[in-house]
Amino acid sequence: MAITVLERPPRLGPLYRAAALRRSTGSTLPDRELRLEGVRVDLAHLAEYDRVCGFRLSDELPATYPHVLAFPLAMALMTADDFPFPLLGLVHVANRIDVCRPLHSGETFALSVRAEGLRPHERGTQLDVVATAESGGEVVWKDRSTYLRKTGKSAKSDKSDRGEPPPATAVWRVPRRTGTDYAAVSGDRNPIHTSRILARAFGFPKTIAHGMWTKARCLAALEGRLPDAYGVDVAFKLPILLPATVGFEAQPHKTWRFAVHDRRTGKPHLAGAIIEAD
1 MAITVLERPP RLGPLYRAAA LRRSTGSTLP DRELRLEGVR VDLAHLAEYD RVCGFRLSDE
61 LPATYPHVLA FPLAMALMTA DDFPFPLLGL VHVANRIDVC RPLHSGETFA LSVRAEGLRP
121 HERGTQLDVV ATAESGGEVV WKDRSTYLRK TGKSAKSDKS DRGEPPPATA VWRVPRRTGT
181 DYAAVSGDRN PIHTSRILAR AFGFPKTIAH GMWTKARCLA ALEGRLPDAY GVDVAFKLPI
241 LLPATVGFEA QPHKTWRFAV HDRRTGKPHL AGAIIEAD
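Numbered according to UniProt numbering, the sequence shown spans residues 1 to 278.
Note that these hints are calculated values from the structure, not bench results. There's no promise every hint is true.
[As the list claims (entries may be wrong)] Cross-link-like lysine to aspartate or glutamate pairs, in silico, EDC-like; alpha carbons within 16 Å at most: (1) K142 - D128; (2) K142 - D228; (3) K142 - E122; (4) K150 - D128; (5) K254 - D278; (6) K142 - E7; (7) K254 - E276; (8) K142 - D181; (9) K254 - D233.
[Said to hold, decoys possible] Computed beta-carbon distance windows for the label pairs: (10) R225 - P167: 16 to 26 Å; (11) K254 - D81: 42 to 52 Å; (12) K254 - R11: 41 to 51 Å; (13) L57 - H92: 26 to 36 Å.
C-beta: ideal position from N, C-alpha, C; glycine also.
Construct the complete structure from the given sequences, taking the supplied hints into account.
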């Protein structure tokens with residue numbers, strides 16, 4: 001696989017314009033990796049991210065924070081001419097992060113992003129976008145985002161997803177501005193999160209919360225109870241329509257299993273687990 005080393009972070013504005021114009025162009029993933037070295041943490045940005053996602057202010061980075069640092073590289077990869085699918089229309093269905101050790105705001109990182117694992121799915125085609133962070137020459141963080149390119153009909157919802165809501169460890173009120181606040185701090189300005197009119201154009205009655213915001217909010221709720229090295233694997237279920245009231249449930253199971261559901265209907269939004277490091 002060829003490695004392209006970037007001199008500076010990609011600018012998101014031109015990438016979003018490219019995303020709006022992209023159409024399907026092929027059937028294979030690019031055989032290259034984008035790499036950006038010398039990445040430092042902006043402390044003001046980290047503090048704002050912590051505020052939006054519910055983390056305490058700390059020198060230690062949340063497990064989800066490097067995902068934001070790597071986002072411009074992922075955008076550059078997924079809007080390039082050799083990427084087979086248009087970015088708008090891809091559905092983020094799952095995310096796995098592995099923290100190899102605690103990461104700190106004073107470190108310098110090298111970030112890399114590649115795409116792999118193109119495979120059929122009953123509702124279309126799936127692929128993974130894999131990001132890594134290195135510090136001092138060692139991989140300290142890994143991230144695998146799974147995307148679905150829908151071409152088939154959606155499966156009918158399971159009736160077990162409906163009915164009485166399960167018990168909740170905590171109840172969160174998610175305000176309408178969550179979409180725009182997270183878009184500002186993450187760079188992920190997909191209009192389904194920020195514009196009610198454009199969200200409707202994509203089939204949503206309201207704007208929806210980012211899946212990675214929901215994952216981050218869950219980890220914030222478990223802050224101080226996680227090991228130094230661990231994996232956190234989540235599946236994104238039904239979107240959170242903003243504003244919303246949701247229930248968060250967390251149960252110890254070796255480490256933790258957790259979920260987010262609609263507080264009124266019990267419909268699932270996210271299911272996840274903390275996985276012990278090997």
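Comparing the hints with the structure gives:
1. Distance restraint check for K142 and D128: the Cα-Cα separation of roughly 12 Å lies within the 16 Å cut-off, and the hinted pair is therefore satisfied.
2. Only pairs whose Cα atoms come within 16 Å are accepted, and K142 paired with D228 is accepted, the gap being roughly 14 Å.
3. A threshold of 16 Å between alpha carbons decides the hint, and for K142 with E122 the separation of about 27 Å lies outside it, so the pair is violated.
4. Restraint check for K150 and D128: the C-alpha separation of about 15 Å stays at or below 16 Å, so the hint holds.
5. A threshold of 16 Å between alpha carbons decides the hint, and for K254 with D278 the separation of about 13 Å falls inside it, so the pair holds.
6. Restraint check: the Cα-Cα separation between K142 and E7 comes to about 22 Å, which exceeds 16 Å; the hinted pair is violated.
7. A C-alpha spacing of about 8 Å is found between K254 and E276, which places the hinted pair at or below 16 Å, so the restraint holds.
8. Between K142 and D181, the direct Cα distance comes to roughly 25 Å. Violation of the 16 Å bound is thereby established for this hinted pair.
9. Between K254 and D233 the alpha-carbon distance is near 14 Å, which keeps this suggested pair within the 16 Å criterion.
10. For the pair R225 and P167, the beta carbons lie near 19 Å from each other, so the given range of 16 to 26 Å is met.
11. A hinted range of 42 to 52 Å holds for the C-beta pair K254 and D81, which are about 45 Å apart.
12. A C-beta distance of roughly 43 Å is found between K254 and R11, which places it inside the suggested range of 41 to 51 Å.
13. For L57 and H92, the Cβ-Cβ distance of about 28 Å falls inside the hinted range of 26 to 36 Å, so the restraint holds.
In the structure shown, a violation is registered for the earlier hints numbered 3, 6 and 8, in ascending order.
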